[in-house]
Amino acid sequence: MEGKPVRELNDSKWLCDLAFRAYFTKYLSELNITLQGPNQLLSSLLPNIKLFEAKLRPRKVQLERDTMVHFPTLKGQKPSITLEYAGECAKLIEAFNERFNSMKSEQMELNIFAKHSMWNKLMCLITYNTKSCNAIMS
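Residue numbers 7 to 144, in our numbering, belong to the letters of the sequence shown in order.
These are computed hints drawn from the structure, not numbers from a lab. Worth double-checking, as some hints may not be accurate.
To be verified - Pairwise CB distance ranges, derived in the manner of DEER restraints:
1. M109 - N16: 40 to 50 Å
2. N107 - P11: 45 to 55 Å
3. T73 - E8: 33 to 43 Å
Cβ coordinates follow ideal geometry from the N, Cα and C atoms, glycine included.
Sequences are here, hints too, so could you generate the full structure?
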């Protein structure tokens with residue numbers, strides 16, 4: 007490949023698609039790292055997912071309105087139409103809804119679990135039982 011031209015780098019549609027996908031890949035990667043982070047309880051995953059979804063919806067609307075405030079790289083490529091990218095956002099929102107729908111419907115049970123876990127941590131701190139605190143908090 008060295009010294010040979012890369013056709014895609016002259017294709018404005020391809021460059022627009024790359025800019026759009028790079029934007030969301032960054033945020034999906036950050037979400038993935040957060041969800042796999044240390045000391046994550048099932049009950050703490052859902053708020054992170056909902057936060058990501060909450061960021062997706064306004065981005066979709068912005069693209070529907072041909073506003074690219076949050077998409078500077080895409081804007082730099084001067085796409086001829088952004089409605090296609092709004093559709094891609096809608097697909098991503100739908101995929102998240104399908105994937106995490108059961109977790110959302112069981113949120114009350116997850117909250118009870120989280121409160122129980124917090125209660126155990128609080129009791130450890132009150133009783134200063136270091137050995138059991140370390141077991142619960144790890």
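Hint check:
1. M109 - N16: 40 to 50 Å: holds, 44 Å
2. N107 - P11: 45 to 55 Å: holds, 47 Å
3. T73 - E8: 33 to 43 Å: Check passed, 40 Å falls within 33 to 43 Å.
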